[in-house]
Structure formats: C-alpha cells, structure tokens
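A.B. asks: One-letter residues, chain by chain:
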Amino acid sequence: MLLEIRDVHVHYGKIAALKGITVEVEEGEIVTLIGANGAGKTTTLKTISGLRPLSSGRILFNGQDISRMPGHKRVLAGIGQAPEGRGIFPGMTVTENLHMGAYARKGDVSKDLAEVFELFPRLAERKNQAGGTMSGGEQQMLAIGRALMSRPKVLLLDEPSMGLAPMLIQQIFTIIEEINRRGTTVLVVEQNAQQALQLAHRAYVLETGRVLKSAPASELLDDPEVRAAYLGGGAGAAGGSGGSGDSGDSGGKAAAVASAPGEAAVVDEPVQKTAPDDRD
Amino acid sequence: MFGNFIDQFWPSTIDGLSLGAIYALVALGYTMVYGVLRLINFAHSEIFMIGTFAALATLNAIGLSAPVGGLALIGLVLMLAVVAGLVSGASAVALEFVAYRPLRRRGASRLAALISAIGASLFLQQLFARVLIPWWFDLPKEKGALPIPKHFTETVDLLSIGDFIIRNDKLFVILGAIVMMIALDQFVNRTQLGRGIRATAQDPETAVLMGVNIDRVVSATFMIGGVMAGVAAALYLMRFGETNYFVGFLLGIKAFTAAVLGGIGNLRGALVGGLTLGLIEMYGSVIFGSAWQDVVAFSVLVLVLMFRPTGILGESLQQARA
Ligand SMILES: Nc1ncnc2c1ncn2[C@@H]1O[C@H](COP(=O)(O)OP(=O)(O)OP(=O)(O)O)[C@@H](O)[C@H]1O
Ligand SMILES: [Mg+2]
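Respectively, the protein sequence lines represent chains A and B. Position 1 of the first sequence, counted from 1, bears residue number 1 in UniProt numbering, the numbering being contiguous throughout. Position 247 of the second sequence, counted from 1, bears residue number 247 in UniProt numbering, the numbering being contiguous throughout.
Treat the hints with care, since some could be wrong.
Taking lysine to aspartate or glutamate and the EDC-like style, the derived pairs with C-alpha atoms no more than 20 Å apart in a straight line are [unchecked claim]:
id, chain 1, residue 1, chain 2, residue 2
1, A, K127, A, D108
2, A, K127, A, D112
3, A, K73, B, D163
4, A, K153, A, D108
5, A, K153, A, D65
6, A, K73, B, D215
Don't read these hints as lab results, they were simulated from the structure.
Extracted from the complex, chain B is given alone in its bound form (with noise of 0.2 Å):
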C-alpha cells in the first residue's frame, strides 16, 4: 500500500498540482463572492460547465483534424481560456444580475439568495441538458446528453528525470493557474476597483462612507470569479478533453472545499486548499485504491476545520468585523 505511494510519489505530485490547480482557480470565485456578499454562490459550478462549452464551441468552430502539440497547443489554450474566461465572465455577471441583485435590493435574506443559487444552479443544469446540448449536438431529447469532444491534445513529456516526469499539458495546468493567481492578486491590492473590493469585504457600510459604488464592486467580482473558472474550465478541457452539463457538480463541491479548506474569503487560501485538496486526493488514491479518492479528501476537510475551523489560512478578507 505505503509501497505503491513511494513508487507512484512523483507522478501523484505532478497530478495533484494539475487538479488542484484547477479547483483553487474554481475556488476563487466561491471565496471572492463569499468574502464580499457572505453568499455561497452555488451556481457557480454551472459557471465553469458554462466555459467549459465555450471553449468546446470555440474547438469545433476551429475544427481541428488532428492533436496538436507545442507551440500550437500554447496558441490554442490561450485562445480557449480568453473565449471561456469571457464567456463565463458574463455569465457570472448576468446571474448576479438575474438571481441575486433583486434580492439585495429588497434587503433579502442570506438563506433567500441561497435558495435562489440553488434554483439557478439547477436551472442552468437543465437548460443544458435539455435544451441546449440536444439542440447543438443533434441528440434526441430522452437521451440525455453526454457529448465527447475528441482529445485535441498532444501529449509530450517535457522533462524526464526517472520517475520525475513532467507532461506538457499538466505543466500549462500548474503555469496557467499560477498566472491567473498573480494577475488577481495585483488586481485586488493595486487597483481602485481591487482596493473597493477589499473594502466591501471587509465592511460594507463603510465603504459607501468612502464612496465605493457596491453594486459595481460586486459586478466585478461576479466577473472575476466567473473568469477564473472559464480559464480553469479551459485548462480542463485541454487536461481531461470531456465535459457534460454536470461536469460542475463534483468539481464544483471540491472547489468549495478547497475554498473552505484554505479558509473561505481569503485569495490566497484558494490557492493552498486547492493544492493541497489536489494533492490529497491523487495521494490518497494511490495509497487507497482510486474508490476512496473523494472519502479521503472529505475526510481530510473534517479533520482540518475540527483543529482550524476558519480553514489553514484563516478568513483574512473578513477578519474583525464588529
């Protein structure tokens, strides 16, 4: 058991970071939403299964013949994760605008917006397996919906170091989540639209005193959180070359544990809960059996928020709020 998990060390590693790249970009749009509206966006899931299908889109409009490698593949992903990331930026805004702002309006209560992203979740769940996916992939309705994109990816080791072993399409995961990390990051400390950000999180009431226009502060962070998870929803794509209108649900659920795991409102907790969720899972499943992946990561969640219940970096955007 411990035997397969020195063999396997490496190639866990590597696989690990991958996923758990893509869940820490994921989760930042649940800790972003939460750390400024103290709401659990649930149909955010649907946010990246939205980019997931532009990104398909945008595959079939160019209408490769064959894989493609290298440069080209750069070239592609790059393109994917711009059209997705727009893409499920919109989508975010607009269901801000559809499910909750009405809500805000009238001074709803929290357990009100909850209902209602779970209403949107699923209806975007359904608009897609019903309408959608039938319509665009010329399936009979009863069928469901389970469209394979063919793999685009060419798969290339980079670097081989005995069992170290870095595949091209893992690293562009790991690169693009990085990048996507930093660029945020100088966003929300550098910017005024970040600086707002910050404040709203913090105190609400106050950063009106300091003229901070709300609704727009949460637009933008609908539209933050709904790029990131259109770039991750390429990045998978290229990774895993499948997607469905559920596609969100699991991942979705691991995203937000991420999120809770690194300490919920917190930028750079995303970041260390999604890793560090990517990284248990691909151990686990190598020391376990692959069957107990999910079990050994949930059972891990419990485990840390009994010792550190606000998550292993703390919620540092929500601190000290009188």
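Bound-form chain A, shown alone (with noise of 0.2 Å):
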C-alpha cells in the first residue's frame, strides 16, 4: 500500500472536518474522491500534505507513519500536490513556478523540465509570462506541471477542472491519465464526479467528513444513490460540464431516497442521509 489514511479526524478549531476518513491508495492506481461542497475533500488533501494537523488518526505513507511529518519534507518523500484554486505565484514566470516545483530536489532538473513541457506544450510556449496572468486553463496545467516536477510518487489533485470549459476537461483529464501511465499513483478529488469516475479506478464518497462509499469507479457509476446525488440523477446523464456545483438539487434528493436499498458498495458509516449536504 502507498498510501495509507486511517481513521483520521481533522479540526478547524471546535469544528470538526473530518469525522474519521479511512483512505488507502494502491501503486499505480488512480483514486478518486468525490463530494458536495464542503464534505472535506481539500481537507483530506490538505491533511495528506501536511497543512492541516490531525487530531487522530495516522497516515501511513509507503508503510511509514508521517502523521507528525513537517509538510515540507513530505515533498521529498513522495507526495506533490495541484492544491484547489491552483496556488500559481502570481509573480513568478511559468518557468519559475515549474523550478519552486523542484525546490526540495537536488540536482540537475531539465529533464523533467523538458517532460512538463512536453506534457504541456502550452506552457512551453509561455515561460517567461507571469503566472498570474494566465489563464484558468494554463494555470491548472501549470500547477499539474509544478508538481511533477518534484518527481512524486503520488500525485494530489484538487479540483482540476473547476472553471474549465469541457473541452479542456477532457484534454486535461486525458494528461492525468497519461501521468499515471508513465508510472506515477493519483489521488485526484472531483466535483466533476461523471468524469472522475470514468477516469478513475477507484472511488470514494465523502459526505460531511465520512466516507460514505467506497468501491470501483465503474461500479459507482452505475450506483442508482451516486448517480441521483451526484451525476445529476436522471438516466444518461453527462458530467457537469461548468466543473462547480453540479450537485445535490433538490430532485437528485427525491431519486436518492427511493433508489436507498440494495447497495452494491462498502459503507464505512451508518448512512444518514441519502444526499449530499448542500451548504451555503
């Protein structure tokens, strides 16, 4: 196992983000996390890389415990993350952003240089504009780019088509899975939940700090619970195409409480609710 989540419990003060998470990620696999808005998927992320500090739990990564692990050195053991809303340096060129990537290596970094740009021809064409003039779409692929220049073992992303028009979800999508080819494990976390699941092999539902499901991707999605709360309920339906909120109405709700029986998945907590919990 690469990666490991145990039972963790997050706080934001009194608040409590993560009720007890059990995640494990395999070599080579792409996982997936999908979940309504607030249901703690930047926070799991978060916690894995070290910005958060767990009240309980452990997080065992190639089978050694880092849940004490400062976040810095987690870059060096393996772990890069394209954290949410996509943390370009506004100030920093396209080529600089992709060096701070490699900030913890040593050593000669242009063949990886030259693999991002390969993978992005985009940014190639860009490197010395400022990052923070970019657009949505370049940002995202530089943030992707960025963390791979650490050379990871894992690969964290989150949220990687929010705001991005479908055509370049499917392309960004398509790198994510050539990433995994060439060998490196992903953890990417979705609203997009439609297409995270047909990319991903492995899923999990998060919901208010749970997981509430947890099971092939091609399974959940032809799961009737998943697929009324969170593919937009009806039969055929395509992924939501803006990236953001696309869960969760009101008529996902009324599909989710009739189609409540017969579950094919894992539930790891006594379910209480059938849909997500839309907050704000």
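Two chains, each in its own frame: build the complex with the hints.
C.D. replies: In structure tokens form, the structure reads like this:
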C-alpha cells in the first residue's frame, strides 16, 4: 500500500471537518474522492500534505507513519499536490513556478522541465509569462506540471476541472491518465463526478467528513444512489460541464431517497442522509 | 523661502539621499517581514539601535585617538558594518524566536503578534536604558543614558563643482546602501532560499507544498532585515556620530513610513520610498525651516496614500493572493 489514511479526524477550531476518514491508495492506481461542497475533500488532501494537523488517526506513506512529519518534508518523501485554486505564484514566471516545484530536490531538473513542456506544450509557449496573468486552464496545467517537478510517487489533484470548459476538462483528464500510465499514482478530488469516475480505478464518496461509500469507480457509475446525488439524477446523465456545483439539487435528493436500498458498495458509516448536505 | 531652496538645492539633495539611504536600509527589514508574515515588526527599530551599539563597541575596542579619513575610514566603516550587521542580524533572529515564533506555532492572531512586537520593542529599549548602558558607560541609573561617542570621521569634500559638493561620509552612506540593495536583489532572485522567500510571500501554503521550510524562510527573512538594519546603523554612526537607547524610535517610524510610501512588501519600494522620504524631508526643511521637516514628510505620506493607497511602486510581493 502506497498511501493509507486511517481513521483520520481533523478539526478547524472546534468544528470537525473530517470525522474518521479511511482511504487507501495502491501504487499505480488512480483513486478519486467525490462529494459535495464542504464534504472534506480539500481538507483530506491538505492533511495528507501536512498543511493541517491530525486530531487523531494515522497517515502511512510507503508503510512509514508520516502523521507528524512537517509538510515540507513530505514533498521530498514523494507527495506532490496541485492544490485547490491552483496556487500559482502570481509574481513568478511559468519557468520560475516550475522550478519552485523542484525546490526541495537536488540535482539537474532540465529533464523534468522538458517532460512537463512535452506534456503541456502550451506552457512551453509561455515560459516567460507571469503566472498571475495566465488563463485558468493554463494555470491548471502549470499547477499539475509544477507538482510533477518534484517527481512525486503520488500526485494529489484538487479539482483540476474547476472552472474549465468541457473540452479543456477532457484534455486535462487525458493528461492525468497519461501521467498515471507513466508510473505516477494519482489521488484526484473532483466534483465533476461523471468524468472522475470514468478516469479512476477506484472511488470514495465523501459526505460531511465521512466516507459514505468506496468501490471500484465503474461500480459507482452504475450506483443508483451515486447517480442520483452526484451524476445529475437522470439515466444518461453527462457529467457537469461547468465543473462547479453539479450536485445535490432537490430532484436528486428525491431520487436518492427512492433508491436507497440495495447498495452494492461498501458503506463505512451508517448512512444518515442519502443526498449530500448542500451548504451555503 | 523658495530662494533658499534654489540656493540649497544640491546640498539638500545630497543630504536627502544620504539620509534616505539609511531609511531605505532600515525599511527593507519592515518590508521583508511584512511580505513574508504580514506582520509589522515594531521591534525592528530596536534591532537598528542594537546595531549602533555594536558599532560603537567596536569603535571603543579599536580605541581611535583621532578621526580618520580616506582608505582608513573605508576600512573602518566596513568593519563596523560587518560587526553591526552580524549582531543585528542575530538579534533579529533571536527576537523572532522568542517573541513571534511561539505565537505563530499556536496560530495566534496577527493582533497578538503586533502586541508582542510592541512589548519586545519596549523591553529592548528599557534593557539598554536601565541595564546595559549604565553598566557599559558607568553612568548612574537615574540619570537616564545618552552616551555620545566622540566623532571618528574626518570629513573631506571629495568633489566640488560649484554648489555640488560631495563629502566622503555622505557618499559612503549612499554607496553602502546601493551595494546592500544589489546584494539583496541578487540573493532574493538567484538563490534557492531567496526563491523560497518570494514563494512564501506570495502564497505560504503553496510554498509548503513545494517543499519550502517556512521556519527557515522566516529566520532568513529576519536575519536579512537585521543585517540591513545593522549596516544602516554603522553608516548612521559614521554620519551622525551619536546614538542612545531611543535612537531607533523616530528613525524606525520614518523607515516604516518609507516602506509604506514605496509600497510595503516590495523590496525596490523600500529603496524608492527611503530616498523619496529623505529628499522630501531635506527639501521641506529648507523651504519651511527644519522644525517642519517631519510635518512635511508625513503630509506627503498622507497625500501619496490618498492617491496611491498601495504606495509608489505598489505591493508587488503580495499581489493577487486568493
Ligand atoms: N480554514 C477553515 N476554517 C474553518 N472551517 C473550514 C476551513 N476550511 C474548511 N473548513 C470547513 O471544513 C469542511 C470541509 O471543507 P473542505 O474545504 O475540505 O470541503 P471540500 O469537500 O473541499 O469542499 P469544496 O468542494 O467546496 O471544495 C467545511 O465544512 C468547511 O466549512
Ligand atoms: Mg475543496
């Protein structure tokens, strides 16, 4: 097992954001975490990268307990992340941003730089442009390319499709698949459940800080409850195209209640609600 | 009034630049710490004060019998700058360790850090006023403490074309500041730690995801700011030949003003703001009389901020943070 999150609890002050999450990622897999706004997806990735402390539970990486390892050391250990909102350094050029990805590494980075430019030719055309002036799609490519510069064993991606046009989403997902084919394990957080489930080998459904289900991604694609709550309800639903807020409308809730029994998936916690909690 | 200004234009320009160069060096410390931690390090003025005493101690240890000039003065100032820079740099790192880091660890609010900064500032002033200076200069405690070292600089006019006269000590101050600014610019843009500082200033969370050790970046930032203040202190001592336990107070406020004027968080802004403020003060004191020097300076600050709230060059290190 490459990455193991065991019964992890995380709090923001007194508010519990993660209430005992267990997620496992095997070497070579693409695993996706899906769930509505506020489910705790970003918090999970931040905790893996060491940006949030655990209240309890453990994180194992390559069999080693990294729960207390400072965040900057986890990058060297092999955990790379393209964060939510992309986190591009606005005052640095594309090349400088990519070099930041290799900050912790020693030795020559020209080979990695060439590989990133090969994966994202668009970045090669814009080497000297300030990161802050890139378009949303270009910034997403930059964020992924930058995370690759650290040669991660596992690449964490937080909503890579956010705010992108459908064609670009398709393109980014194809590149994620290619990155995985070249040997990098991927844990990707998505609201765009349809496409994430088509991409991933396995999936976890998060709801208000708990794992609601975990199963092979193809099974969840056919799971009535998941269809209703995250795939827009209808039979032949195409995944959301805008990338944000394609979950939990009232029609979806009604459908989910109707189809509650007969689950094929592993249920981690007793199911309290069958539709995601729509906050804000 | 303005006739004065015309007559005094060149002398006050040189004075303004050499005063502004000192402001600029001290302003760097404010601006770098603000850029990385969004904290106004109120105790930075005391880091400067400590630098003047480190330079003074070195001077006393050397025990000059007469003022020096020429190459000997350059060598002496270099030595004072190195000692004061190291002492101030180390003090700044220690200050961060004691007064700010524990708060940062516990996720305390910025306001708490600000109060801690003010406390540290008062503590250091009083430590020098009541303990160190009386002990060092053998002064009775109740007399307060204002040790004035004897002037050690033999001033020479290096160049004089009509009104345009450059005196050696003023030139050294300006050159010293320029050298330090270039060194800093190279450091921040070319070294790994420098890139870490820039990344942390722009987005600290993402910087961690790149493998940047924030604690090291913060220590380095305080170190650099402290070294700059220490060099400024050595130059100040050469130029003005005096110090006391509150020497940093007004100068610190001025340097902070310079940082805001240039655009806080912006390294080049510190230079531009410092030189601008120095010139404004000197021109202002020629036109309105030296009693009005500070009034003019702060009026200009208010005016600039009314029309350009982010300062002359803007807050470039912290732009566009989500
Ligand atoms: N900095 C914070 N302070 C307090 N609460 C927070 C903070 N960040 C997140 N939370 C809370 O933690 C919970 C989980 O948030 P998280 O960002 O992990 O959700 P998410 O699944 O990534 O949502 P989204 O799809 O909207 O990005 C939410 O209830 C959120 O309000
Ligand atoms: Mg999120």
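A.B. asks: Compare the structure with each hint and give your call.
C.D. replies: These are the hints, each one checked on the structure:
no.: 1; hint: K127(A) with D108(A); result: 18 Å, holds
no.: 2; hint: K127(A) with D112(A); result: 15 Å, holds
no.: 3; hint: K73(A) with D163(B); result: 61 Å, violated
no.: 4; hint: K153(A) with D108(A); result: 18 Å, holds
no.: 5; hint: K153(A) with D65(A); result: 16 Å, holds
no.: 6; hint: K73(A) with D215(B); result: 13 Å, holds
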